[in-house]
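Number of protein chains: 4
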Amino acid sequence: MIVVLKQNPNQSQLESLITWLKEKGIQVHTSLGASRMILGLVGDTSALDIDLIAALDIVEDVKRVQEPYKNANRKFHPEDTVIPVGNTQIGGGTLTLMAGPCSVETEEQIVAVAKAVKASGATLLRGGAFKPRTSPYAFQGLGAQGLDLLKIARQETGLPIVTEIMDAAQLPLFDEVDVIQVGARNMQNFNLLKLLGTLDKPIMIKRGMSSTYEELLMSAEYVMAGGNNKVILCERGIRTFETYTRNTLDLAAIPALRHLTHLPIIIDPSHATGKSALVAPLATAAVAGGADGLLIEVHNDPPHALCDGPQSLRPEVFDKLAKNLLSLHEFMKTQEAL
Amino acid sequence: MIVVLKQNPNQSQLESLITWLKEKGIQVHTSLGASRMILGLVGDTSALDIDLIAALDIVEDVKRVQEPYKNANRKFHPEDTVIPVGNTQIGGGTLTLMAGPCSVETEEQIVAVAKAVKASGATLLRGGAFKPRTSPYAFQGLGAQGLDLLKIARQETGLPIVTEIMDAAQLPLFDEVDVIQVGARNMQNFNLLKLLGTLDKPIMIKRGMSSTYEELLMSAEYVMAGGNNKVILCERGIRTFETYTRNTLDLAAIPALRHLTHLPIIIDPSHATGKSALVAPLATAAVAGGADGLLIEVHNDPPHALCDGPQSLRPEVFDKLAKNLLSLHEFMKTQEAL
Amino acid sequence: MIVVLKQNPNQSQLESLITWLKEKGIQVHTSLGASRMILGLVGDTSALDIDLIAALDIVEDVKRVQEPYKNANRKFHPEDTVIPVGNTQIGGGTLTLMAGPCSVETEEQIVAVAKAVKASGATLLRGGAFKPRTSPYAFQGLGAQGLDLLKIARQETGLPIVTEIMDAAQLPLFDEVDVIQVGARNMQNFNLLKLLGTLDKPIMIKRGMSSTYEELLMSAEYVMAGGNNKVILCERGIRTFETYTRNTLDLAAIPALRHLTHLPIIIDPSHATGKSALVAPLATAAVAGGADGLLIEVHNDPPHALCDGPQSLRPEVFDKLAKNLLSLHEFMKTQEAL
Amino acid sequence: MIVVLKQNPNQSQLESLITWLKEKGIQVHTSLGASRMILGLVGDTSALDIDLIAALDIVEDVKRVQEPYKNANRKFHPEDTVIPVGNTQIGGGTLTLMAGPCSVETEEQIVAVAKAVKASGATLLRGGAFKPRTSPYAFQGLGAQGLDLLKIARQETGLPIVTEIMDAAQLPLFDEVDVIQVGARNMQNFNLLKLLGTLDKPIMIKRGMSSTYEELLMSAEYVMAGGNNKVILCERGIRTFETYTRNTLDLAAIPALRHLTHLPIIIDPSHATGKSALVAPLATAAVAGGADGLLIEVHNDPPHALCDGPQSLRPEVFDKLAKNLLSLHEFMKTQEAL
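Residue numbers (our numbering), protein chains in the order written: chain R, 1 to 338; chain Y, 1 to 338; chain W, 1 to 338; chain C, 1 to 338.
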């Protein structure tokens with residue numbers, strides 16, 4: 001961490017700051033320029049509160065040199081994390097396809113979709129039982145019953161299930177869930193993250209709509225600080241000024257997070273775009289860009305239904321897409337390393 | 001709600017859509033242009049899921065004409081909501097000054113700050129007991145003990161207290177809190193909002209970092225749909241590309257929300273800017289712009305302390321600011337209505 | 001275009017509006033709901049100023065149904081535009097690789113890079129002669145001399161050249177340039193766009209840092225309205241809150257623009273990310289996602305040079321990347337259409 | 001400037017970097033920590049290209065300590081700049097009210113508006129002759145004729161005129177214009193800025209829709225580097241995700257720019273919001289927040305006209321607003337300094 005002091009700092013405040021830092025085990029290197037002094041702080045600065053130091057009268061600016069996350073940091077854990085789930089794994093060269101409906105509706109629906117996506121090559125079944133909805137008047141999901149239907153679908157197909165938790169109080173219901181998803185709106189629900197850190201179960205954290213890579217990794221750090229290292233990151237689009245798509249999918253997250261962390265990276269093109277016609281091109285781009293997997297909405301579309309999201313693919317479209325993606329994933333292994 | 005159909009829509013799908021809408025009590029007016037048909041939906045469309053209709057094959061676009069919120073909507077509740085708290089009120093021409101430290105630290109600190117801000121004209125005491133922190137390694141607040149210290153400060157000064165809840169499980173601890181604050185990161189923690197809707201206590205909801213006015217009002221609607229109409233809105237800056245300030249304070253929220261809703265509007269210039277030097281000018285602008293009140297960080301700064309945020313004002317600065325703000329608020333009443 | 005009227009509109013103002021619209025050749029369909037009236041405007045509404053109508057006292061809201069661009073609109077021009085340049089073409093199934101240094105520095109440099117990138121498979125040579133720089137104190141490019149050096153490099157390699165114009169007054173110098181680039185900061189320099197519309201030469205328009213797809217297409221429309229249909233669109237990242245990358249590359253632009261327009265779409269991963277390590281994964285993603293080509297910075301890095309941008313690739317890295325991209329482009333043709 | 005090196009940097013590259021910096025007159029202070037070395041660069045670093053240094057293999061990160069602008073920097077010019085215009089001045093405690101129509105339409109219109117706003121207290125007349133329009137099919141302004149009409153209105157009222165230049169080629173027409181405005185879309189039209197730097201005439205630069213404070217000041221620096229110090233800054237809203245307002249007015253720009261620069265600061269609430277009902281509250285907030293002046297759209301609204309922007313005020317509304325603002329400006333002088 002680098003502390004840039006104001007010109008002519010008060011000497012007693014400066015000594016007080018240096019003493020305080022040394023008490024915390026930080027080495028302080030001073031560098032005196034023509035116009036101002038710079039302090040280089042060496043040691044474990046991850047517990048230092050950058051805002052507190054910046055607040056001091058004598059300080060002009062504070063800049064981090066090291067990332068504030070440790071467990072999630074590739075520098076301290078160079079090997080990719082691979083997370084076993086059921087008979088499959090996430091990360092480590094596998095292409096994980098998580099597919100299924102936005103909401104679980106009926107046993108018939110979820111079992112049919114599960115069978116279809118399994119046949120197409122999906123390795124996990126996704127489906128929402130508790131649904132975060134902007135409006136209190138919109139359908140909020142089947143709740144516990146939805147979780148039961150997901151388990152039936154798992155029993156019928158063998159596909160592990162991934163589904164979203166919305167509140168710490170729901171945790172007992174998630175005992176048999178294979179991967180617990182933390183939604184974008186809960187990415188900084190720190191109490192929930194702490195609780196999930198006490199489990200021995202994969203947790204997939206979706207990036208918040210206006211969260212930086214570093215904030216996403218700090219949320220992973222919350223879970224990992226509790227002892228649970230089975231964290232999966234999911235990019236699902238960020239909020240920008242562009243309104244044609246629901247969000248702006250940030251595929252630079254793949255190589256950027258790959259550099260910063262060892263955790264697996266999943267891309268959700270369905271929520272990112274909100275338009276089914278954009279899902280396939282962006283899923284394809286994500287696989288070519290090096291994603292560990294995809295989260296894709298698939299819905300069987302009985303002709304009388306009026307409850308499908310505009311971003312869902314029909315099973316027959318997903319079938320072609322999944323086959324394309326799996327062959328592309330194989331092809332990518334033949335490309336020369338740069 | 002207006003539904004724009006694609007050219008040459010499938011007739012049986014169109015009839016199916018119209019039938020479905022009529023079953024929901026919606027009147028459908030068709031308008032046939034040269035190139036495409038438009039459906040005008042009349043009735044209570046707030047429960048219709050705009051995404052579901054947009055997903056239909058025959059639909060090109062759906063546009064809302066009416067706001068999706070009812071209880072929070074000024075159209076259905078033209079009078080300003082006034083919320084009594086202790087011996088004061090929020091809204092209705094009062095200038096509410098909520099002041100106090102970011103975090104409660106000690107009894108001495110919180111009582112001293114409470115006395116100081118009361119003497120300066122503050123009408124509520126703010127202070128954090130549970131602190132949402134980006135890093136798991138940062139100070140997380142005193143928790144239940146912090147709430148006890150706030151109550152002591154209230155007893156000493158008579159100032160009602162406003163403090164943040166982070167999780168539904170903490171609710172029993174908030175029984176004696178006067179105003180419960182929902183932080184920006186929890187603005188769409190829908191389960192928490194539902195729970196707070198069952199109380200008879202003022203709830204102050206902070207706008208999420210990337211939330212629109214409409215989304216803020218939908219979060220208010222979650223609380224109000226449960227029967228609790230004592231909702232206060234707080235603008236605290238949105239996330240933009242500008243990094244000089246921590247967030248970008250959006251003061252257009254004052255007249256915009258005033259037009260859309262009857263709920264009181266509080267401005268938080270401290271969190272919005274993250275810089276104490278910007279707090280006073282923006283607090284002043286907010287009062288002139290018509291805010292119902294301000295949320296301002298004030299910290300007594302004993303020379304040995306290293307734990308104040310860069311956006312906090314010292315009590316002596318707040319004292320001058322509060323007096324300026326109160327006299328400005330009086331002056332504004334003398335201006336001619338436009 | 002749909003005009004939503006306020007409740008109980010003034011009748012004479014309403015008649016005045018309808019008369020005015022009819023005089024412009026617009027048919028007006030009225031749809032009277034329970035609470036408000038809606039006007040459906042049919043005809044060529046592209047010349048109507050949506051803001052002017054929205055300003056009327058009797059109007060609550062105006063919503064477009066049709067896009068405001070015609071020449072750039074795929075609806076009126078379903079076939080992909082293919083633009084011949086030198087011995088190659090842009091669009092129509094070709095993968096265009098535009099490569100070269102950010103700035104032209106010396107004849108040796110530009111000729112060496114041109115030869116290298118041609119050998120690797122590049123089809124155009126890029127290089128900046130006039131450089132838009134945030135600081136007046138930074139190197140502003142070689143200007144006219146830089147254009148001369150580019151022409152020498154073209155003569156040596158046969159590669160057509162693409163380079164940026166910054167001002168209408170520079171146009172005479174661009175006579176022999178093969179493709180004129182309009183930079184992101186000039187995307188809405190409407191006088192420049194009009195002037196370029198009078199040429200018979202390909203114009204590549206970069207999306208502005210905070211411009212929507214529609215605004216980009218309206219800038220293309222400026223050029224095309226003048227009679228020059230040889231327009232190429234370039235996505236180069238938009239400005240968001242994320243600071244790890246210089247901009248956020250929006251790859252959804254590929255399928256979204258493909259749907260909206262018939263013009264070729266080029267992706268610039270170098271400027272988008274500002275980091276050379278992110279260029280290859282995003283270039284790869286862009287090809288898989290369906291881009292017509294890439295704009296990539298390549299710089300030969302003599303050991304004594306201190307003037308390379310952090311986003312440039314060395315020729316040997318570009319060589320591997322280009323071969324990977326070309327083989328991926330071939331592979332993509334074997335994937336099943338969805 | 002601080003250069004953070006990677007671990008174990010190549011020694012010969014490091015020496016080469018240090019030698020190169022010293023040749024440029026920069027002193028280099030090295031600070032060796034436990035894990036990495038930091039270079040503190042002292043001297044005039046404004047001409048160093050931060051990107052070039054960041055591109056070096058041995059460099060992990062580069063951070064500026066000093067602002068890259070000199071002429072616009074308050075540190076080197078502590079006194080507020082005051083710019084005389086006609087019989088008035090901009091800055092220095094004056095409240096400047098620039099008012100007038102978005103577009104000049106007819107002599108009657110512009111003279112009538114000019115007389116009205118002068119009577120209300122406006123000190124400059126604004127009006128657009130050349131109009132930047134997103135659509136090539138929209139009205140582009142009267143051009144040179146519009147400038148002539150503005151001069152007639154000036155002759156009739158004595159109000160100096162401020163109007164927008166769109167292109168360097170138009171400059172000869174602006175000889176008799178009192179204040180030349182550079183629009184938000186041209187804020188980084190560097191050739192135009194350089195040309196305006198050669199004049200002895202006030203230049204008002206509007207902040208780009210996605211430009212930072214620093215970028216705005218660098219654009220001012222372009223003009224000032226040419227010798228023209230009469231630069232006025234104008235905040236007119238930035239582009240964010242919020243769509244209720246056309247842009248998000250960033251009033252923190254007032255105290256932030258006040259701290260960073262000595263140049264006068266004008267606020268444009270009309271373009272920022274795009275809604276006339278929001279103009280008065282935000283204009284009021286801006287005056288209380290310390291702005292040097294306002295740019296407000298005023299249009300006389302003959303009943304048969306259909307060409308007024310939704311953000312324009314009618315003269316009678318502006319009259320009340322201007323009186324309110326002027327009395328508020330007087331009141332603010334009575335407030336105690338903090």
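Among the clues, some could well be false.
Where chains are identical, the list cannot tell them apart; a pair therefore holds if satisfied intra-copy or between any two copies.
To be verified - Think about it this way: if two alpha-carbon atoms lie no more than 25 Å apart in a straight line, the pair counts; the simulated SDA-like pairs of lysine to any residue are:
(1) 118 / 106
(2) 194 / 171
(3) 131 / 157
(4) 131 / 54
(5) 333 / 65
(6) 24 / 331
(7) 6 / 58
Think of the hints as simulated: they come from the structure by calculation, not from any bench.
Since the copies are identical, ignore which copy is meant and state whether residue 333 and residue 65 lie within 25 Å (CA to CA) inside a copy, between copies, both or neither. neither (35 Å within a copy, 44 Å between copies)
As a check of your reading, is residue 131 near residue 157 (CA-CA no more than 25 Å) within one copy, between copies, both or neither? within (24 Å within a copy, 44 Å between copies)
Intra- versus inter-subunit Cα pairing at 25 Å for residue 118 with residue 106: within (18 Å within a copy, 58 Å between copies)
Between copies, within a copy, both or neither: which fits residue 6 and residue 58 at Cα up to 25 Å? within (6 Å within a copy, 29 Å between copies)
With identical chains treated as interchangeable, where does the CA-CA distance between residue 24 and residue 331 reach 25 Å or less: within a copy, between copies, both, or neither? neither (52 Å within a copy, 50 Å between copies)
Copy assignment of residue 194 with residue 171, given that the CA separation must stay at most 25 Å: both (12 Å within a copy, 18 Å between copies)
Using 25 Å as the alpha-carbon threshold, which applies to residue 131 and residue 54: within, between, both, or neither? between (40 Å within a copy, 19 Å between copies)
The structure does not agree with the numbered hints 5 and 6 stated previously, though it agrees with the rest.
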